[in-house]
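Hey, can you work out the whole structure from these sequences and the hints?
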Amino acid sequence: AQSVTQLGSHVSVSEGALVLLRCNYSSSVPPYLFWYVQYPNQGLQLLLKYTTGATLVKGINGFEAEFKKSETSFHLTKPSAHMSDAAEYFCALIKAAGNKLTFGGGTRVLVKP
Amino acid sequence: DAGVTQSPTHLIKTRGQQVTLRCSPKSGHDTVSWYQQALGQGPQFIFQYYEEEERQRGNFPDRFSGHQFPNYSSELNVNALLLGDSALYLCASSYAGQGYNEQFFGPGTRLTVL
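Top to bottom, those sequences are chains A and B.
Position one of the first sequence corresponds to residue 1 (my numbering), numbered consecutively onward.
Position one of the second sequence corresponds to residue 114 (my numbering), numbered consecutively onward.
Warning: the hint list may mix true and false statements.
Using 20 Å as the maximum straight-line C-alpha spacing, the simulated EDC-like pairs for lysine to aspartate or glutamate come out as follows [as the list claims (entries may be wrong)]:
hint, chain 1, residue 1, chain 2, residue 2
1, A, Lys49, A, Glu64
2, A, Lys49, B, Glu215
3, A, Lys58, B, Glu215
4, A, Lys95, B, Glu215
5, A, Lys95, A, Glu66
6, B, Lys126, B, Glu188
7, A, Lys95, B, Glu167
8, A, Lys69, A, Asp85
9, A, Lys112, A, Glu15
Between beta-carbon pairs, the in silico distance windows are [unchecked claim]:
hint, chain 1, residue 1, chain 2, residue 2, range
10, B, Glu167, A, Gln2, 17 to 25 Å
11, A, Tyr39, B, Ala209, 22 to 30 Å
12, B, Asp175, A, Lys112, 25 to 33 Å
13, A, Thr72, B, Leu227, 37 to 45 Å
14, A, Tyr39, B, Pro121, 30 to 38 Å
15, A, Ser14, B, Leu124, 33 to 41 Å
16, A, Pro113, B, Asn184, 42 to 50 Å
17, B, Asn184, A, Ala1, 20 to 28 Å
18, B, His123, A, His10, 43 to 51 Å
19, A, Pro113, B, Ala209, 43 to 51 Å
20, A, Gln2, B, Ala151, 15 to 23 Å
21, B, Ala193, A, Gln45, 31 to 39 Å
22, A, Ser12, B, Asp143, 26 to 34 Å
23, B, Gln211, A, Thr72, 22 to 30 Å
Reference excerpt, derived from the structure (chain A facing chain B, CB under 10 Å, subset only) [claimed, not checked]:
hint, residue
24, Asn41
25, Thr51
26, Leu56
27, Ile94
28, Lys100
29, Thr102
30, Phe103
Bear in mind the hints are in silico, worked out from the structure with no lab data behind them.
C-beta: ideal position from N, C-alpha, C; glycine also.
Set out below in structure tokens:
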């Protein structure tokens, strides 16, 4: 069975500081990995995805993530936080040829002025 | 392109009642998945429909059932509601011909069971 672990349910950063959200996964087969963002009272919006190829993937709003197979990690970063980045972020995986997304517990990001 | 739409936005029911939630997939998509997101948690997979058949099911009781129509839209039905069924229900659509099954989410239906 596959699983996703997000370290830290809450992260507080200052505006302009680095945002780092950690995600580790467990999967018996190579997974596809995703980061989603959820703003209050809204659905999930895809930030970025890793399927195959380059292990450093760039997404929307200046976010990027690096797939490290040896560490089974897919951490999300943004060099400079903006107030609009305040939201909840979910890491998720789907097995190759699989059907269901398996989500981590989420990390809520608070951005301080 | 309207994206994935869900109705209703909010719903309040009492224990023991039944509820039906609806989802229209993004244009060009043929697969619909349903997820339950309890407060403060990540979404949990309920089931997925493709070609009007349930293709995969998560760890949810038989009180949760679904349907997919020929136009690919879908319904989620929950019978004998429990307080613990209170959650945000998310619908996601995807195209089966895409290898990595990228799923696009709707805004969700907030169900409150009293």
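Tell me the hint numbers this structure goes against, listed in increasing order.
8, 12, 14, 17, 18, 22, 26
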